[in-house]
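Please take these sequences and the hints and turn them into a complete structure.
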Amino acid sequence: MTSYPSFSQSWRGRRSANETVAPRAAGRRTKRDDPIPAPPTIDKNSEHRVDSCESRMEIMTPFWAENSAKEVRVIVNTKNFPQAIRVEICTRPTTSYCSGNCLCEQKYTWYRLLAYDPDNDCKGIFIDWFLYPSCCACRCKP
Numbered sequence: 001m002t003s004y005p006s007f008s009q010s011w012r013g014r015r016s017a018n019e020t021v022a023p024r025a026a027g028r029r030t031k032r033d034d035p036i037p038a039p040p041t042i043d044k045n046s047e048h049r050v051d052s053c054e055s056r057m058e059i060m061t062p063f064w065a066e067n068s069a070k071e072v073r074v075i076v077n078t079k080n081f082p083q084a085i086r087v088e089i090c091t092r093p094t095t096s097y098c099s100g101n102c103l104c105e106q107k108y109t110w111y112r113l114l115a116y117d118p119d120n121d122c123k124g125i126f127i128d129w130f131l132y133p134s135c136c137a138c139r140c141k142p
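Counting in the UniProt record's numbering, the sequence shown runs from 1 upward without gaps.
For the record, the hints were derived by calculation from the structure and aren't laboratory data. Small disclaimer: the values here were computed from a predicted structure and weren't measured. Incorrect hints may appear among the rest.
[Stated by the list, open to error] List time: in silico DSSO-like cross-link candidates among lysine-lysine, alpha-carbon distance up to 27 Å:
id, residue 1, residue 2
1, 70, 107
2, 123, 70
3, 79, 123
4, 107, 141
So this is what it looks like as structure tokens:
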């Protein structure tokens with residue numbers, strides 16, 4: 001029989017930079033042996049660069065979505081529990097920087113969100129996988 005930690009054991013407090021939740025540890029914390037690497041430094045010349053593809057960024061709070069099994073799910077999104085997702089959507093297939101044998105291509109990322117099955121309330125709330133647009137990349141044929 002599996003013993004689950006109480007709410008206070010698994011959710012109280014914040015993790016420090018060198019703590020992580022071990023997979024399959026059911027909420028127990030473990031110390032990392034290796035330090036977390038420093039974030040990359042920002043190139044001082046990056047302000048003079050432009051993206052190859054045009055895109056628009058949105059923050060969305062979805063209420064319905066299709067999961068990884070192509071089943072429609074209701075996403076739990078309330079005033080007290082918002083699940084916001086940052087999406088970036090390609091606005092044009094080509095630009096002056098991305099043309100010829102190249103096209104702007106939409107890339108996607110999987111998100112884990114709390115959801116429920118609208119056809120079966122008995123399943124309760126669970127975590128499911130959903131695919132959302134994450135960035136726009138210029139891809140060229142070799």
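Each hint, compared with the structure:
{"no.": "1", "hint": "70 x 107", "in the structure": "19 Å, holds"}
{"no.": "2", "hint": "123 x 70", "in the structure": "17 Å, holds"}
{"no.": "3", "hint": "79 x 123", "in the structure": "23 Å, holds"}
{"no.": "4", "hint": "107 x 141", "in the structure": "16 Å, holds"}
Checked against the numbered hints given earlier, the structure satisfies every one of them.
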